[in-house]
Amino acid sequence: MGLGFSLVAVLTLVLIALGGVGGANLQYLFGVIIPYAAIATFIVGFTLKVLGWAKVPVPFRIPTTSGQMKSFPWINHDKFDNPDTTGQVVGRMLLEVLLFRSLFRNTKTELRDGPRLAYGSDKWLWLAGLAFHWSFLVIVLRHLRFFFADVPVLVQAIEGLDGFLQVGAPLLYITDVVIISAVTYLFIRRVIIPQVRYISLPADYFPLFLILGIAITGVLMRYFIRIHVVGIKELAMGLVTLKPVVPEGIGVLFYIHMFIVSTLRMYFPFSKLMHMGGVFLSPTRNLANNNRRQRHENPWNYDVKVHTYEAYEDEFREKMKESGLPVEKE
Amino acid sequence: MKLYDGGKIITGLVIFVGLMLSPFILGMAKPGEKPDPKTDTPEIQEMEEKDRKCVEPKEFMRTSHMVFIDSWRDQALRDGDRVYENSEGKEIDISLQNTCMKCHSNKKKFCDECHNYMAVKPYCWDCHIVPEEKEGGV
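In the order they appear, the protein sequences are chains A and B. In terms of our numbering, the first sequence is numbered consecutively and its last residue is 545. In terms of our numbering, the second sequence is numbered consecutively and its last residue is 194.
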């Protein structure tokens, strides 16, 4: 159900842009107004979501980790699985954000004859996930050439490396091949593994199809149905200098691409895609496991009125002495 | 509004928003100029009005010249066939130096104008000799 619904939703988006620009000539709406609305929604929505998370107290260091915590000097401490200092936490976060370390531990479970439950290593999800995320990052960075009058050297270097195979003209980008393969794999995996399919919702399929749609329209524009690329940079520069222009003769395919990208940006803060910000705020990842060395006070504790033994004795000392009870202070 | 670890989170958010807005900030500081490739070389101006056109229509060349030239390269160098029949049925000599650059003798004001704007570095001139500038050169 979720699959069909999401596919129809994305195809409808394509048709809206096709009709809006190809039929009704709403270039200004699809090229300027919607992109501005999308970037505003993205930034404001993202910020509010993170601030909302920041309001949630974290009462305790969550020690569910998969390595030996710092203990006696003669017991090996697993620094990145069970960090003790901020530096080690930074190490764990970097490994998590850049290499998806916890996904590397992904296992598959099978019920075999017997019946017997079997577990095995399953690195394909990690590999496809990593390939997809890194290519997406490279692709986003490559697109910066549309937004800077002097394209930064770093962006040019990334582009040079990406096109380094020198296949065809315009040069084939490695990341274009990788992202489409990886997203396709992630989609097929979701559909053919029964357990994964069972828990898949429209919220899982929809972003997958959006991203696939973005990649396909991008690839079509570069390699197959070419568009007026200089016009697109003029449009992009108009947007970032706040003097929007809509040059003539940009193909409708560009507006479809832009519309799906805008949808993704607007959808972002309200969806599971917020794991982009969320990974940095995961208590199981970003806190040092130092519960035994440092006192962490529960932030929602109210003030408890206590009556210590010391105060009790002060209050009743004379009476205690009279009845022969021992006291700590004379 | 009480934030927990507010300092770190706000720092992260400021970096995020800064990165997202950096094209706007830098774009406002340096908007750049849109390219204006020139087709007014002496060779083109000497031509008669009716001959003053590229081997294929302008719209096609604007979006697809790279694919077109690449296919010329393959046809001439890999198949050894240097004759191209264009969409009007005219036979044309396949040659970057002798056909393309004969009219467009202003590489800097024609090729480089858009290529620099788009930060594209085609590797034509790895093999071909960069032609002398004739019109509007540096």
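Derived by calculation from the structure, the hints in this document are not laboratory data. Don't be surprised by glycine CBs; every beta carbon is placed ideally from N, CA and C. Please note: incorrect hints may appear among the correct ones.
[What the hints assert, rightly or not] Taking CB as the label site, the calculated pair distances span:
(1) B/154 / A/485: 17 to 27 Å
(2) A/239 / B/151: 23 to 33 Å
(3) A/416 / B/114: 43 to 53 Å
(4) A/462 / B/143: 19 to 29 Å
(5) B/94 / A/313: 45 to 55 Å
(6) A/259 / B/105: 52 to 62 Å
(7) A/499 / B/89: 28 to 38 Å
(8) B/143 / A/358: 10 to 20 Å
[Said to hold, decoys possible] Computed footprint of chain B on chain A, listed as stretches where at least three residues anywhere in the stretch have a Cβ under 8 Å from a Cβ of chain B:
(9) 290 to 299
(10) 329 to 342
(11) 370 to 376
Do the hints match the structure? See the list:
no.: 1; hint: B/154 / A/485: 17 to 27 Å; verdict: violated, 59 Å
no.: 2; hint: A/239 / B/151: 23 to 33 Å; verdict: violated, 45 Å
no.: 3; hint: A/416 / B/114: 43 to 53 Å; verdict: holds, 49 Å
no.: 4; hint: A/462 / B/143: 19 to 29 Å; verdict: holds, 25 Å
no.: 5; hint: B/94 / A/313: 45 to 55 Å; verdict: holds, 47 Å
no.: 6; hint: A/259 / B/105: 52 to 62 Å; verdict: holds, 56 Å
no.: 7; hint: A/499 / B/89: 28 to 38 Å; verdict: violated, 51 Å
no.: 8; hint: B/143 / A/358: 10 to 20 Å; verdict: violated, 33 Å
no.: 9; hint: 290 to 299; verdict: violated (count 0)
no.: 10; hint: 329 to 342; verdict: violated (count 0)
no.: 11; hint: 370 to 376; verdict: holds (count 4)
Checked against the numbered hints given earlier, this structure breaks hints 1, 2, 7, 8, 9, 10; the rest are met.
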